[in-house]
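Chains as they are written, first to last, in my numbering: chain D, 1 to 471; chain E, 1001 to 1248.
Since the hints were made in silico from the structure, they are not lab data.
Glycine included, C-beta positions come from ideal geometry on N, C-alpha and C.
Keep in mind that the hints are not guaranteed to be accurate.
[To be verified] Distance ranges between label pairs, derived from CB positions:
(1) E/1112 x D/237: 29 to 35 Å
(2) D/434 x E/1076: 52 to 58 Å
(3) D/461 x E/1238: 48 to 54 Å
(4) D/456 x E/1231: 56 to 62 Å
(5) E/1008 x D/10: 40 to 46 Å
(6) E/1222 x D/454: 51 to 57 Å
(7) E/1014 x D/240: 42 to 48 Å
(8) D/439 x E/1076: 51 to 57 Å
(9) D/15 x E/1119: 21 to 27 Å
[To be verified] Chain E stretches covered by chain D per the calculated footprint, using a threshold of three residues with CB under 8 Å from any CB of chain D:
(10) 1074-1083
(11) 1098-1112
[What the hints assert, rightly or not] Facing chain D, from chain E, some residues (calculated, C-beta under 7 Å):
(12) 1057
(13) 1087
(14) 1089
(15) 1091
(16) 1093
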Amino acid sequence: MVIRIAQEEWRTLLRNRAGVIATMLLVALVLVAAFVSLERRTRIEADRAGYQASVDADFDKQPARHPHRMVHYGQFVFRPLAPLAFFDTGVDSYTGNTIFLEGHRQNSANFAEARQSSLLLRFGQLTPAFVLQTLAPLLLIFLAFTSVARERERGTLRLLRAQGVDGPRLVAGKLMGHGAIALAIGLPAFLVLIGFAAMGMADWAPIALLILGYAVWLLIWAMLAVVISCFASRSRDALAALVALWMVGVILLPRALPEVAAVETILPTRIETEVALHRDLARIGDSHDPEDPYFNAFKQRTLARYGVSRVEDLPVQYAGLVGMEGERLSTDLYARATNEVSAREASQNARVHGFAVLSPLIAIRQLSMALTASDVTAHQDFLDQAEAFRYRFVQTLNRMQAVLIPHIGGEDPRVSAENWKRVPRFAYQPYDPLRSNAASIGGNLMVLLGWLVGLSVLATLAARRIGGIVR
Amino acid sequence: MPHSSAIAPAIEIRGLHHRYGAREVLRGIDLQVAPGQIYALLGGNGAGKSTTLNALLGFLAPASGTVRVCGIDPAAAPAEARARLAYVPESVALYDHLSARENIDYFLALAGAERGRSSVIDPALEAVGLPGHAWDKRVGGFSKGMRQKVAIALALARHVPVLLLDEPTSGLDPKATLEFNALLATARARDVAILMVTHDLLSAVDIADRIGFLAEGRIEEERTAGPTGERFDLNALHARYANPGVAA
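All chains should be modelled from the sequences, with the hints used to inform the complete structure.
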């Protein structure tokens, strides 16, 4: 009986011209979004790879120079896009993907204003994720809002009950019917993902979890529409309630609640951070001041280590050693500031995660961005790798200065251009969300499943209510 | 006239009381309908006709009294009781996007007829006189009379012993009413016990074997057609119907 009721829902959809057209449009939109987004990702990836190769070649072509000039010539690094970024661009548009690495300072997006917009969860580009997260729920509402309310309105509910159909079976049939429709709507996107994995362009595990997450998300809306339709006395009441829930749950809360988190945990502005860093750097000491206590002690330790009494007797260039020590100190300061901002961001994100109980969109969005490696955590991983590389890069040049310059001498000592090829190049290690972000992924999946369980309880209550209807 | 007190009633109501909140709508109804009998329950608005049907359908549990459909208490075992009755609501509710055949097939499937449905649908549609060209048309364009025929065809196709009709001739023109009554006669000939609640005195006089006058929650008077086929005295019945609460 349950299956027969579900089959009837499918037949109703197939005979509803507006429903069929709307469904086909959404499916087409998913496919177009996948194609366009894949094309865009491929182009951006090619551009970034090209730019990276170009700046690397330019670095190699630099003439003989003093290594410290190369420290300030620096290197550009570009963040490669994750394979699944075509499905969900996440925070990529807001965080920027290019960092200029140089000595003494951390020129990253760490302290950029754009970083703070990662929590705003704005409308993004046309991606399959956007279509499934924002538009698919509207279609599911449109297809299911009449499912039970109209049976009551036109009197067929009474006739159904007279045939022996009880509330639980009726609701189960409606849920099965619209659940299957919801999965069918998601199917084109799922097939694109499966095809992507089958071609070896992404791992199966995140794709399987992505499909699971979106399947649950779509089921939540199908279930919500049927449950509201059970409780509403008229179809139009059900539609009004569902559209209101969509506007609040999909549009309003995901944007308003992160603002609450941003107000509760305030991130320092870029200027505040820079000022604080300069103050802390000045507090450590000035390497150019012969009376500076820190660098005076550093000089004494260095002389003792080499067993000499004068800087001029050192086998290495003292200025190079000072450069290395200064870089170590400033990097520590930057790391401390970064960690502090990261902790505040983590606090904001934890608060936003908590709001997923109110709006499952927050959960699916966080899950989707995490699994496609386009979330803040993935971006932070890139920043961490870039910063680690910057330190190695700068210290390599400082070491060249310390070791090679004493053997060159002269007014304008320069090291050979051949040395630039020995400087390390940035090699981004692909980010694995399942290893680095498992807690967030698991937590968001649990929230989505929790919504399904909660709606199941509501569906049970709705079924009982139908059992008590006599008119 | 195939009714007899010796045959166990298919529909049996004794001392039925029911109230909605403080308002007592049924105050001790007694009613029996034997197989092959048509009982017309006449009453004005708010007399308790629909509540009586709801009790038979198992949609409500009576405050007191007994209700039986083929010996089954619909409130205690609604599925078993509903398996033995067919119900035609006042406003025939069908799925407009389905054809007559598809509507009957769907409801039959829900009623538990999993196999061989097509073998009973066509004879039922033929029996109710729905033109063949309309069988596969969507019922959204059907007149009320045609919808009634589909609903009766569903009832016939189910081959159940009890038929409950709620204002079945409401909105039908005289010709359609006569056709509908002929259908009921066909069902009666198959030994179906039929309870119709109605405002339509003419139709009741034309087809019913017994007529009960329901007023203020109780059956005030019952009249039975003559044993040799004499029909009711329409004028007397009209006077009775127009003056509820006044003894004949």
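Report task. Return the numbers of the hints above that this structure violates; sort them in rising order. Result -> none
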